[in-house]
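Undergrad: Sequence:
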Amino acid sequence: MYLEYYGLARKPFSLTPDPEFMYLSKQHAIALAMLKYGLQNQAGFTLITGEVGSGKTTLIRHLLRTLEGNLTIGVITNTHRNYGDLLTWILGAYGLDLGDRDNVTMHRRLLEFVAAEHKAGRRVVLVVDEAQNMDVQMLEELRLLSNMNVGDELLLQLVLVGQPELQQTIALPELLQFAQRISAEHHITPLDYESTEKYIRHRAAVAGCQEELFDRYARAAVYYYSRGIPRAINNICDMALVYGYAEEVKPVSCELIMEVIRSRPIIRRQAEATPRDDTDRRLRDLVLEIKGVDLAEVS
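Be aware that the sequence shown starts at 1, since it is given in the numbering used here, and climbs by one per residue.
Please note: incorrect hints may appear among the correct ones.
Claimed, not checked - Pairwise CB distance ranges, derived in the manner of DEER restraints:
| no. | residue 1 | residue 2 | range |
| --- | --- | --- | --- |
| 1 | 26 | 171 | 21 to 27 Å |
| 2 | 26 | 270 | 20 to 26 Å |
| 3 | 68 | 175 | 31 to 37 Å |
| 4 | 15 | 182 | 26 to 32 Å |
| 5 | 4 | 84 | 47 to 53 Å |
| 6 | 26 | 286 | 19 to 25 Å |
| 7 | 30 | 297 | 33 to 39 Å |
Hints were generated in silico from the structure; no laboratory data involved.
The structure presented is a predicted model; accordingly, all values stated were derived computationally and were not measured.
Here a beta-carbon is modelled for each residue, glycine too, at the ideal position from N, C-alpha and C.
Model the full structure from these sequences, guided by the hints.
TA: So this is what it looks like as structure tokens:
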């Protein structure tokens, strides 16, 4: 719709995780380093957490595209109600024939697969996305599965990715043994203002933009309302391009961002409920002084 108007080859701010658009902020670079460290050093568990929309899934997809070495990787994202469900999805992640779906048979099939991969010189890694949905029992089942080893070598490595509630669950006394198995971990915090600016420019460039897509004050407004959450940034920026196309505004302005926020009550309420720091207040004062509009007044 707006691609030709803004000189874009593709949508720069899609809500679908796309590793081609991966922007490695300091936080994401550390998380990626932790993931690689965990895999290279045969960590039992590697734990990556972050708020909804912080870029965890995109980071995992980026990791899978860039990994080198003899690794066999399976990814599961579904909520599992019992051990049988968990085994079903794990076997499916590795493309294994489910056959008889009784727990004993499926467990044996997984053991045989992992042992065969080890014999062939390949390490097996299981990535569990949205792991905050797993209860204590399912996490304990994962720990027991990870006990597969030959001597000092782990045959099955686990990477858990989820929202902050996952950390709270793992901190429960009944999961002490699970927590002790975590060898590498990182919590992804929201982008700061500078990283938000770079994020917007990076995605625009990957999409083929040759000019400034958002002016300085528009980027300040995006940061103010998005709280530095990548998914919220994408949401605001994508709608701003739609509005900009309709109103023939180029580059996207601060006023246009505020118009988008007024039309998106959920984002507006989130922004209004967010505690403000010195950066927020400084940006608000700057925009008010130069543009004559108050970012806090969008109702």
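Undergrad: Decide, hint by hint, whether the structure agrees.
TA: Verification of the supplied hints:
In this structure the supplied range 21 to 27 Å holds for residue 26 paired with residue 171, their Cβ-Cβ distance being about 26 Å. Between residue 26 and residue 270 the CB atoms are about 24 Å apart, so this pair conforms to the stated range of 20 to 26 Å. Between residue 68 and residue 175 the C-beta distance comes to about 33 Å, which sits within the given range of 31 to 37 Å. Separation of residue 15 from residue 182 is about 30 Å and conforms to the stated range, judged on CB atoms against 26 to 32 Å.
For the pair residue 4 and residue 84, the beta carbons lie near 51 Å from each other, so the given range of 47 to 53 Å is met. Under the hint 19 to 25 Å, the C-beta atoms of residue 26 and residue 286, about 23 Å apart, fit the expected range. Checked against the hint of 33 to 39 Å, the pair residue 30 and residue 297 passes, with Cβ atoms roughly 37 Å apart.
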